[in-house]
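Protein chains in written order, with the working numbering: chain R, 126 to 355; chain P, 14 to 259; chain U, 5 to 310.
Check each hint, because a few of them may be wrong.
Stretch-level coverage of chain R by chain P, calculated; a stretch enters the list once three of its residues show a Cβ under 8 angstroms from a Cβ in chain P [stated by the list, open to error]:
#, segment
1, 137-147
2, 323-332
Going by beta-carbon spacing under 7 angstroms, a handful of chain P positions derived as facing chain U [claimed, not checked]:
#, residue
3, Tyr125
4, Ser126
5, Ala130
6, Ala191
7, Asn194
8, Ala201
With a Cα cut of at most 27 angstroms, we get these calculated DSS-like pairs of lysine-lysine [as the list claims (entries may be wrong)]:
#, chain 1, residue 1, chain 2, residue 2
9, U, Lys18, P, Lys234
10, P, Lys98, R, Lys348
11, U, Lys139, U, Lys122
12, U, Lys186, U, Lys139
13, U, Lys189, U, Lys95
14, R, Lys135, P, Lys98
15, U, Lys307, U, Lys18
16, P, Lys74, U, Lys189
17, R, Lys200, P, Lys37
18, P, Lys212, U, Lys122
19, R, Lys198, P, Lys37
20, U, Lys247, P, Lys137
21, P, Lys98, R, Lys193
22, P, Lys212, U, Lys127
23, U, Lys172, P, Lys74
24, U, Lys139, U, Lys95
25, P, Lys74, U, Lys195
26, U, Lys186, U, Lys226
27, P, Lys98, R, Lys136
28, P, Lys234, R, Lys200
29, R, Lys136, P, Lys99
30, U, Lys247, U, Lys195
31, R, Lys348, P, Lys99
32, R, Lys348, R, Lys135
33, U, Lys226, U, Lys65
34, P, Lys137, U, Lys226
35, P, Lys137, P, Lys178
36, U, Lys122, U, Lys172
37, U, Lys65, U, Lys186
38, R, Lys200, P, Lys233
39, U, Lys247, U, Lys65
40, U, Lys122, U, Lys65
The hints are simulated quantities; they were obtained by calculation from the structure and are not laboratory data.
None of the values given here were measured: they were computed from a predicted structure.
Note that CB positions come from ideal geometry on N, CA and C, so glycine has one too.
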Amino acid sequence: MSKLVLSDLKKTVPMGIAFVMGIFGAFAYFVYTDPTDAILQNAIVFDSVMGSMGMAISLGNISLIHGKNVQRKRKGWFFSTLILVLMYFSLIIGLGAKKPYLGQQYYGLFDWGTESIGYFLVIAIMNPASTTVMSLLAFYIASAAYRAFRIRGIDSAILLVSGALVLLGQAPIGSFIFGPGLLDLKTWILSVPNLAGSRGCNIGIAVGSIAMSIRVLFGYERKPVLGGLE
Amino acid sequence: MSVEFASAIGLSLVVLCAYSFLYKENPFYRIMESIYVGSGVGWGLATSLFRFNQTLDPLYKNPGVYWWYTVAIFLGFFWYTYWSKKYFFLYRIPLSYGIGLSIGTSLYGVVYSTFIAQVTATFKGMGATPLETLNNILIAVGTFTAVLFFYFSREHTGALGYASKIGRYFILIFLGSAFGNTIMGRTALVITMTTELLKYPQWTMIPLVIGLFVVIELVKKIGYLREFSPTIAQAFDVPAKSEAQD
Amino acid sequence: MAVVEEKKVGVWDKLAAVDRRWIYLISFLMIGGPLLFPLNLPIGVSPETAAIFRYIEQMPKGSIIALSMDFGSPLSENYPQARSVFAHALKIGMKVIIMGMWGQGATTTSVIMIDEMKAYAQKLGITAITEALGKYGERYVHLGLIPQSGTGVMQMAQVGVYPLLFPKDNYGNALETLPFNKAGKPITQFKASDIDLLVCFAAGTPGIEVYREYWWATGICKNLAIGAVGVSVAGYYPQMDAKIIIGIIPSTKGALEYDQLAGLVGGSGQSFATMDSQSLQHVFIIILLVVGNAGTIVATRRKRAT
Numbered sequence: 126m127s128k129l130v131l132s133d134l135k136k137t138v139p140m141g142i143a144f145v146m147g148i149f150g151a152f153a154y155f156v157y158t159d160p161t162d163a164i165l166q167n168a169i170v171f172d173s174v175m176g177s178m179g180m181a182i183s184l185g186n187i188s189l190i191h192g193k194n195v196q197r198k199r200k201g202w203f204f205s206t207l208i209l210v211l212m213y214f215s216l217i218i219g220l221g222a223k224k225p226y227l228g229q230q231y232y233g234l235f236d237w238g239t240e241s242i243g244y245f246l247v248i249a250i251m252n253p254a255s256t257t258v259m260s261l262l263a264f265y266i267a268s269a270a271y272r273a274f275r276i277r278g279i280d281s282a283i284l285l286v287s288g289a290l291v292l293l294g295q296a297p298i299g300s301f302i303f304g305p306g307l308l309d310l311k312t313w314i315l316s317v318p319n320l321a322g323s324r325g326c327n328i329g330i331a332v333g334s335i336a337m338s339i340r341v342l343f344g345y346e347r348k349p350v351l352g353g354l355e
Numbered sequence: 014m015s016v017e018f019a020s021a022i023g024l025s026l027v028v029l030c031a032y033s034f035l036y037k038e039n040p041f042y043r044i045m046e047s048i049y050v051g052s053g054v055g056w057g058l059a060t061s062l063f064r065f066n067q068t069l070d071p072l073y074k075n076p077g078v079y080w081w082y083t084v085a086i087f088l089g090f091f092w093y094t095y096w097s098k099k100y101f102f103l104y105r106i107p108l109s110y111g112i113g114l115s116i117g118t119s120l121y122g123v124v125y126s127t128f129i130a131q132v133t134a135t136f137k138g139m140g141a142t143p144l145e146t147l148n149n150i151l152i153a154v155g156t157f158t159a160v161l162f163f164y165f166s167r168e169h170t171g172a173l174g175y176a177s178k179i180g181r182y183f184i185l186i187f188l189g190s191a192f193g194n195t196i197m198g199r200t201a202l203v204i205t206m207t208t209e210l211l212k213y214p215q216w217t218m219i220p221l222v223i224g225l226f227v228v229i230e231l232v233k234k235i236g237y238l239r240e241f242s243p244t245i246a247q248a249f250d251v252p253a254k255s256e257a258q259d
Numbered sequence: 005m006a007v008v009e010e011k012k013v014g015v016w017d018k019l020a021a022v023d024r025r026w027i028y029l030i031s032f033l034m035i036g037g038p039l040l041f042p043l044n045l046p047i048g049v050s051p052e053t054a055a056i057f058r059y060i061e062q063m064p065k066g067s068i069i070a071l072s073m074d075f076g077s078p079l080s081e082n083y084p085q086a087r088s089v090f091a092h093a094l095k096i097g098m099k100v101i102i103m104g105m106w107g108q109g110a111t112t113t114s115v116i117m118i119d120e121m122k123a124y125a126q127k128l129g130i131t132a133i134t135e136a137l138g139k140y141g142e143r144y145v146h147l148g149l150i151p152q153s154g155t156g157v158m159q160m161a162q163v164g165v166y167p168l169l170f171p172k173d174n175y176g177n178a179l180e181t182l183p184f185n186k187a188g189k190p191i192t193q194f195k196a197s198d199i200d201l202l203v204c205f206a207a208g209t210p211g212i213e214v215y216r217e218y219w220w221a222t223g224i225c226k227n228l229a230i231g232a233v234g235v236s237v238a239g240y241y242p243q244m245d246a247k248i249i250i251g252i253i254p255s256t257k258g259a260l261e262y263d264q265l266a267g268l269v270g271g272s273g274q275s276f277a278t279m280d281s282q283s284l285q286h287v288f289i290i291i292l293l294v295v296g297n298a299g300t301i302v303a304t305r306r307k308r309a310t
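Excised from the complex, chain R in its bound form (with noise of 0.2 angstroms):
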């Protein structure tokens, strides 16, 4: 072992538990045996236990990042408050409502009577907002289509008659127009050639997080496990 690894503990201790970790993992699954496999159980529930306490760690960061924003009154200082409000209020309100919620008995740890305002935020805000945001995307595509996608070449010919044969396809007056054949033709073309190209990648991406898995096990991919910092 080098004088590196043996004099920083502080890099070799990590390493080391995802190393065992890692190891014990696999040995568990592809060599099965009722007491690794109790042990493996037990080493889960420990992992989800001690996982599930980073859960603060995005209010503290926005609670950072926003707070010096308001702090020193930078660009944007408005809406940095209005999520910093929003989250403390929400976060309070989350704790009640142990009242029947939507059929839930036991939605908080509290009973504030603050069912309401839940209902409100999750129905009225949370929701909502998600998936609009999500479906701004389709504007966005049509706006690319007309003004971006270039057919320069019989690479961008290929992607876009496929894109534009499984489009036609998918929808109702695809068959309409061009009969049940299309149908077909969609079928086909997201059966055969789509899933070869898809398999391809997939294998690729397979062998790929394989190889990067056993680099992080054995230490020569250092930063996932030492969070980022050498």
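Once you've looked at the hints, dock chains P and U against the given chain R.
For chains P and U alone, kept in the frame of chain R given last:
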């Protein structure tokens, strides 16, 4: 006013504020965005706390047997040393445990389901009909050449060059299909939100919000907004007086 | 005095300079129009959706179908799919377990789904579903969120730990008090192998890959199906070909196809008019692609000519 009615109005306002971004970036969109981000994080943390409390049920019921939960809780506090320069190394302990265990336990699944099963399924042999046989050949050739496309240990010249080119075409068909399906998916979301907006009382907000934007644009043109409040004028991108005169 | 030549602005130049907001507005009209004035275009059924339907149809009565609600809000693409499969499963006498790895989908959204299904079945007079929904704990059970998602799924694969993972169901009932069983075997002794079909409605991660790696790969439960969002549909075909998953319900369209197959109009909560909107929007995008590329060809030729 019932909470359902208020939620319907709130939903409609949130959706219209979000779609107002398509017209141009405006403070209403940013307010909606801030409210969404803030409430999402806070609410998510509240439910996580509740679920975590449920996870500790065995410890509450049987502390003698499940005493090691307390060790996990203690080590879990090390996540928060992320913000400390001096004790940052402690953050690596729960991180390395989690990464190591998840790599180890998922390795079997990845190897078997994503690699072995896929390779096995690629080479099927003759089909029941000529078309099926042709499809099987295409799948085998396409998969093999697509994998070759990702082989970078040698330059893509000669036979490897031709093979990787064919593989590239198959990958492009995959990407084209993904493009078509993505449009379908995102359009479905727009349809869902539009369907929601067309219900009562949500649709009553549509003329109100459109009217509000029309009024704002008119007021901006008139130039009154600058005199009324420079802050609001700046928020709606009304240029300063000297720029407007130019 | 210099003479300024006025450049003739042709149709293609005007088209190239179109403000993108007009494209957004026309898209809105393409989507909103059919919702107000439906075109009633016939919907075809894709083989991937039919595969799941046929599989459920051939399962013996009383089989256990688990719905993994791995998505967020009832406004997502997966919700109509889940509703459709839930309605069909209850209608033909299957037993259903509702659970999930995503917080909102497994809890609040599932409760909304059950409540909406009660109203739907009552409104349309589908007695099979109404009866089934009246027997909570016997015909269907709502377990709620799987603790620690992937970790919990892993535990479910290996050992019968349902009482540990789900000491209470989503409504606060102790698991031991529920009569839910499979041929006499109570739910407290269930393992993943007792589930005859798992349908995962996944909007992202964690999703079907967790079940694939911990259930399918270990052989504990080989019957998986997926309700996928549009973005990820194309990537699931290799899994279907490798017989990892039985079929795919693609986006909201798949939910409507499933409704059609199951004979449950509105089972997904969506009307067929939404497919008309989808059709017009798809045609509009094809037109945009064609016009955009035609404009580029005209501009290139003009450049070459000058």
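Evaluation of the provided hints:
Under a criterion of three residues with beta carbons nearer than 8 angstroms to beta carbons of chain P, the stated coverage of the segment 137-147 of chain R is upheld, 9 such residues being counted. Coverage of the segment 323-332 of chain R by chain P holds [criterion: at least 3 residues with CB-CB distance below 8 angstroms; count 10]. The beta carbon of Tyr125(P) is positioned within 7 angstroms of a beta carbon in chain U (closest approach about 4 angstroms), and the interface hint is therefore held. For Ser126(P), the suggested interface contact is upheld, since its CB lies about 5 angstroms from the closest CB of chain U, less than 7 angstroms.
The closest approach between the C-beta of Ala130(P) and any C-beta of chain U is roughly 5 angstroms, which is under the 7 angstroms cut-off, so the hint is satisfied. Contact between Ala191(P) and chain U, as hinted, is supported at the beta carbon level, the nearest pair being about 4 angstroms apart and thus within 7 angstroms. Given the 7 angstroms rule on beta carbons, the hint for Asn194(P) holds: about 4 angstroms separates it from the nearest Cβ of chain U. The interface hint given for Ala201(P) is met, as the beta carbon of that residue sits about 4 angstroms from the closest beta carbon of chain U, less than 7 angstroms.
With a CA separation close to 26 angstroms, the supplied pair Lys18(U) and Lys234(P) stays within the 27 angstroms bound. Our distance criterion of 27 angstroms between C-alpha atoms is met by Lys98(P) and Lys348(R), whose separation comes to about 17 angstroms. Distance check on the hinted pair: Lys139(U) and Lys122(U) sit about 12 angstroms apart at the alpha-carbon level, within 27 angstroms; holds. Pair hint Lys186(U) plus Lys139(U) holds up; C-alpha atoms about 15 angstroms apart against a cutoff of 27 angstroms.
Note on Lys189(U) and Lys95(U): the hinted pairing holds, with a Cα-Cα distance of about 23 angstroms set against a maximum of 27 angstroms. The hinted pair formed by Lys135(R) and Lys98(P) meets the criterion: a straight-line CA distance of about 13 angstroms does not exceed 27 angstroms. The straight-line distance between the Cα atoms of Lys307(U) and Lys18(U) is roughly 17 angstroms, inside the 27 angstroms bound, and the hint therefore holds. A C-alpha spacing of about 26 angstroms is found between Lys74(P) and Lys189(U), which places the hinted pair at or below 27 angstroms, so the restraint holds.
Note on Lys200(R) and Lys37(P): the hinted pairing holds, with a Cα-Cα distance of about 19 angstroms set against a maximum of 27 angstroms. Proposed proximity of Lys212(P) and Lys122(U) is supported: the alpha carbons are some 21 angstroms apart, at most 27 angstroms. Of the pairs offered as hints, the one joining Lys198(R) and Lys37(P) holds, with about 25 angstroms between alpha carbons and a cut-off of 27 angstroms not exceeded. This hinted pair checks out: Lys247(U) and Lys137(P) have alpha carbons roughly 13 angstroms apart, not beyond 27 angstroms.
Of the pairs offered as hints, the one joining Lys98(P) and Lys193(R) holds, with about 19 angstroms between alpha carbons and a cut-off of 27 angstroms not exceeded. In summary, the hint linking Lys212(P) to Lys127(U) is supported, as the alpha carbons are separated by about 19 angstroms, within the 27 angstroms threshold. Only pairs whose Cα atoms come within 27 angstroms are accepted, and Lys172(U) paired with Lys74(P) is accepted, the gap being roughly 14 angstroms. The straight-line distance between the Cα atoms of Lys139(U) and Lys95(U) is roughly 13 angstroms, inside the 27 angstroms bound, and the hint therefore holds.
At roughly 23 angstroms between alpha-carbon atoms, Lys74(P) and Lys195(U) fall within 27 angstroms of each other, so this suggested pair holds. Taking the CA atoms of Lys186(U) and Lys226(U), the gap is about 18 angstroms. The hint holds against a cut of 27 angstroms. At most 27 angstroms may separate the alpha-carbon atoms for a hinted pair to count; Lys98(P) and Lys136(R) meet this at roughly 15 angstroms. At roughly 25 angstroms between alpha-carbon atoms, Lys234(P) and Lys200(R) fall within 27 angstroms of each other, so this suggested pair holds.
Of the pairs offered as hints, the one joining Lys136(R) and Lys99(P) holds, with about 14 angstroms between alpha carbons and a cut-off of 27 angstroms not exceeded. Our distance criterion of 27 angstroms between C-alpha atoms is met by Lys247(U) and Lys195(U), whose separation comes to about 22 angstroms. Annotation: proposed proximity of Lys348(R) to Lys99(P) holds, straight-line Cα distance about 18 angstroms (limit 27 angstroms). Among the hinted pairs, Lys348(R) with Lys135(R) is consistent with the structure: their alpha-carbon atoms are about 13 angstroms apart, no more than 27 angstroms.
Under the criterion of a C-alpha separation no larger than 27 angstroms, the hint pairing Lys226(U) with Lys65(U) is consistent with the structure, at around 19 angstroms. Restraint check: the Cα-Cα separation between Lys137(P) and Lys226(U) comes to about 20 angstroms, which is no more than 27 angstroms; the hinted pair holds. Distance check on the hinted pair: Lys137(P) and Lys178(P) sit about 23 angstroms apart at the alpha-carbon level, within 27 angstroms; holds. Among the hinted pairs, Lys122(U) with Lys172(U) is consistent with the structure: their alpha-carbon atoms are about 23 angstroms apart, no more than 27 angstroms.
Between Lys65(U) and Lys186(U) the CA atoms are separated by roughly 11 angstroms; this keeps the pair inside 27 angstroms, and the hint holds. A threshold of 27 angstroms between alpha carbons decides the hint, and for Lys200(R) with Lys233(P) the separation of about 22 angstroms falls inside it, so the pair holds. Under the criterion of a C-alpha separation no larger than 27 angstroms, the hint pairing Lys247(U) with Lys65(U) is consistent with the structure, at around 24 angstroms. A hinted pair counts as satisfied when its Cα atoms are at most 27 angstroms apart, and Lys122(U) with Lys65(U) qualifies at roughly 21 angstroms.
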